[in-house]
Each structure stands twice: as structure tokens, then as C-alpha cells.
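Take the sequences, apply the hints, and build the full model.
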Amino acid sequence: MFDIAKVYESPADDFDVFIRITREEDIAVARQMAKQLAQEAGFSLADVTKIATAVSELARNIYRYAGQGKIMLKKKTEEKEGPYLEIIASDQGPGIADIDLVMTKGYTTYERSLGIGLTGVKRLMDSFAIYSEVGKGTVVIAGKKGRKF
Amino acid sequence: MEFKAHIKIEELINEVAATGKTKKLWYEFLAAILSPDNKDKKQPEQLKETLSLLLAETGEEALTEKIKVLAENHPDLPITDLLFTIIKICGEIRKEHEQTITNLRRMLPELATPIIRIWTDMLLVALIGNLDSQWAQSIAERLLDRVSATRTKVVLVDVTGVPMIDTAVGGFLIEMFNAIRFLGAEVILTGIKPEVAHTLVKLGVDFRMVTIARDLEDALRKGIAIIADEKKKRRQLARVITGSRESEDDGELEI
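Those protein sequence lines, which keep their order, are chains L and X. For the first sequence, our numbering assigns the number 1 to the initial residue and increments by one for each residue that follows. For the second sequence, our numbering assigns the number 1 to the initial residue and increments by one for each residue that follows.
Each hint should be verified, as a subset may be incorrect.
[Stated by the list, open to error] Restricting the straight-line Cα-Cα distance to at most 16 Å, the calculated cross-link-like pairs of lysine to aspartate or glutamate (EDC-like) are:
1. K202(X) / D126(L)
2. K24(X) / E11(X)
3. K35(L) / E195(X)
4. K23(X) / E45(X)
Just so you know, the hints here were simulated from the structure itself, not pulled from any lab data.
Laid out in C-alpha cells, this is it:
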């Protein structure tokens, strides 16, 4: 069983970027830091934008639905494999009862939303996993591989 | 706690190697923490003031280093009493900074979004920066007011200065575009960068309800074409109504 609480308690030292999302402004901060980290890791401009957008979506979800949570980013740069970046979005919010439903394009419980955020993140990234338990919170782990040239 | 203040202050100042302007501040600061009536209610206020000045002058790191040196050399110095005051000061400084950021943030929408009348019946809005929902709202409101108050037929929206469009920003733009069209104006969108285009496709954000132009020049040309077309139709209509047989190129007939 995936331990949601354990991910939430991950030490900050394990990550290159560790941001608490508590206010709306934190979304912009998370996005900016993700952009910078992806640039440093050597991603192409298109991939940097995709990563920043994915982080923005995940941070906004945390702010909207859980109130607060954490965005954690880790980069790996191996010359042969090309850059790799992992995003972990973790919160202890209400959790998601039906994950299949929220992963449906167009589904939203938020009034002014397009309902394509989570599916969008999945398509922006190379790997995507979501774990959630009602009353315990939600964890999204997404990874992006840079193309090797 | 007894501490022979008068003898030691000069010595202590030497230890922290303060010079010039900071020397005076250190003197006041040390005098404040060493004065016997430390528990007095007035004292913390005064201490707070000197300490914030000192902090502003030397910076956190240097100040911490120096206080550490003092604490190591003189275990009897009432440094721990300072902790409370320092935390309070830091809290206040943070609050002040946050206030400044909030104020600047409030100024941003005004700075970032001039609405320019670029041609007859045509407005240009150059969106700049991250369109966070808070002030994106004020942009939309101002633009809609302007469109409805003037005879605007075409609104050019340039997003060259928008580094990233996620679903929140995309949703905001779609709402704004639809509202503009409800007011009877056309929207021409321009300035989408290749990396943003890529992201929009992946996200599934669809701007196809508006005309998209490759650059501002193209947008302007398309806009002028729409307005010219409109004028032509108006003239034809005027001819039908007045039954005149004047040629098409004749002077403007406004109805």
C-alpha cells in the first residue's frame, strides 16, 4: 500500500526544490523555481515550459482543493540518459474518492475550471502516477525525461 | 544579573570590530541589553529599534556571527533575553516585506496591461507576465468596459509577454474572449510562442473560437480587413436605404 503520509513527511533535503503551497502567490513561486531547475538540468525550452506548466497545474490543484501542501522537485543529470526531473505534489487534503473520474477530461468540481488540468499534466509529462485516499490526502508523482541529442 | 557595563561596552565593541556608523549602533545596542533595568517595559521597545537599525546596517548573517562571538567570549551576557526581541523584529520585517509585495502586486496589472487604440475601432492589449487569477480579473474587467464604451470592432490580444499558459490562464483567456465576442467585437490572438503552443496542445486548451495571427503585423492586417469589410457593408446598406446610385468609392456614408 502506498503511504501518502510518508511522502508528505519527506525531508526537504532529499529534493532540489521544496516549496510549501499555502497561498495563491506560492503557485507562481513554484512555477518559477521549477522553470529554473529544469533549465539548469539542461531541458529544452519546450520541455522547460511543459515542466513549469505541470508544476503550475499541480500547485494550483493543491491550493484549490487541499488548501495547502508541498511541491517537491528532484533532478537527475546523467550524460548518457539526458536530464530527468521528478515532480512530487503532496497534500493532506480531502483526498479523491474516484480517481478514474478526476482523470476524465472535462471533469471538475471547481466552478471556473476547464477540468483538464490533471489529464493535461499526464500528457505533458512522461510518467504519471496518482495516489489518493479520502481523508488522508493525495500524492501525484510525475517524471519528465529530456530528449537526448 | 550583574554586569559591569561601563567598563565593558568599549571592549565589546572592539570585539565585534564595529566602525563608523555601526559603532554608534552597537554602543546603543549593548547599552540597551546591559542596562540593569532590562526588565523595564520601555526597554524592549528601545532595544527593538536599535536592533532593527543594526540589522538593516550589517545584515542578518554578519550580525549573527558577531553576536555569536560575544556570546562565546562572555557567557554572562544576557543574550538569551534577546531571542524574543529578535524573533519579533524578524516577524515585523517579514510582515513589512509581504505588505510591500502585496502592494507591488496590486500595481502590476496597471503597469502590465495598457489598452491601446491602435486603429479606428480597434484596440490592442499586450498581456505581460504571469496572468494569475487575482489581477487577470481586473484586466478582463477594464478591457470589457473599454470595448463596450467605445465602438470597438476588433480587439487584438498579444500574449508575447506571457511566458506560460496553463489551464487556469487558458481558461481565463477563453472566458475573456467569449465575453468580448458577446459584446459584438472580434478577437484576434497573437504572440503564442512555439513552446507555449506545444504545451497548449498537450493540455487540450483550445483557442479556436478566435482568429489567430502569426504576429502583430498579421493581426493588424486581419483586423483592418474586418473593419474595412464592415465599412463596405455599411455603405452598401446606406445605398439601399437612400436608394442613391453613387459609386462605391464615394465619400463615407455613415448610418
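Verification of the hints:
Proposed proximity of K202(X) and D126(L) is supported: the alpha carbons are some 12 Å apart, at most 16 Å. Simply put, K24(X) and E11(X) have alpha-carbon atoms about 14 Å apart, close enough for the 16 Å limit, and the pair holds. Distance check on the hinted pair: K35(L) and E195(X) sit about 13 Å apart at the alpha-carbon level, within 16 Å; holds. Using a Cα cut-off of 16 Å, the hinted pair K23(X) and E45(X) is violated, with the two alpha carbons roughly 20 Å apart.
Hint compliance for this structure: hint 4 is the single one not met.
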